[in-house]
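**Student:** In this text, residue positions in the sequence shown follow my numbering: the first is 1, and each later residue adds one.
There's no promise every hint is true.
To be verified - Pairs of lysine-lysine, DSS-like flavour, derived with a Cα cap of 25 Å:
1) 27 to 94
2) 19 to 114
3) 114 to 100
4) 19 to 100
5) 27 to 100
6) 114 to 27
Treat the hints as calculated values from the structure; they're not laboratory data. Being a predicted model, the structure only gives us computed values, none of them experimental.
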Amino acid sequence: MVTSQVRPDRVAYFYDVVKSTAADLVKNPVSEDELQRAVAPMRQLLTRASTGNAFWMNQMEGATHDPRYVEAMQRMGQDMLTVTAPQLQVLAAKYLVPGKSWSAVVLPEGVAAK
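Assemble the whole structure, with the sequences as input and the hints as a guide.
**Tutor:** Listed below in structure tokens is the structure:
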């Protein structure tokens, strides 16, 4: 999921950038530098957030009904922090399929996107 706040006159440009980035990711793996710049902030966030009870309470909601929640939480750090460029490329090819995405634009009343 991608979200952004852009001026109404930049909406079309935003979607063009998202689509071209997705297409590029399908064709070309990210560099190791790009991957580490994306993973490092997630590692820091996960490390800080997982020290508090609120994090675990939110993540474990529903675990009493479905043990897969517990399994998912046990793997979350490993899954997020050890992903490789080829794995991302495979996921991009599977999920970033042109024509299968949806989008929503919310604008102030009386303002049109360009």
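**Student:** Now tell me if each hint is right for this structure.
**Tutor:** Structure-based check of all given hints:
1. 27 to 94: The given pair, whose Cα atoms are some 12 Å apart, holds under the 25 Å limit.
2. 19 to 114: 17 Å, holds
3. 114 to 100: With a Cα-Cα distance of about 22 Å, the restraint between residue 114 and residue 100 holds, given a limit of 25 Å.
4. 19 to 100: Cα-Cα ~12 Å, so holds.
5. 27 to 100: Satisfied, since the Cα-Cα distance of roughly 18 Å is no more than 25 Å.
6. 114 to 27: Violated, at about 29 Å.
Checked against the numbered hints above, the structure violates only hint 6.
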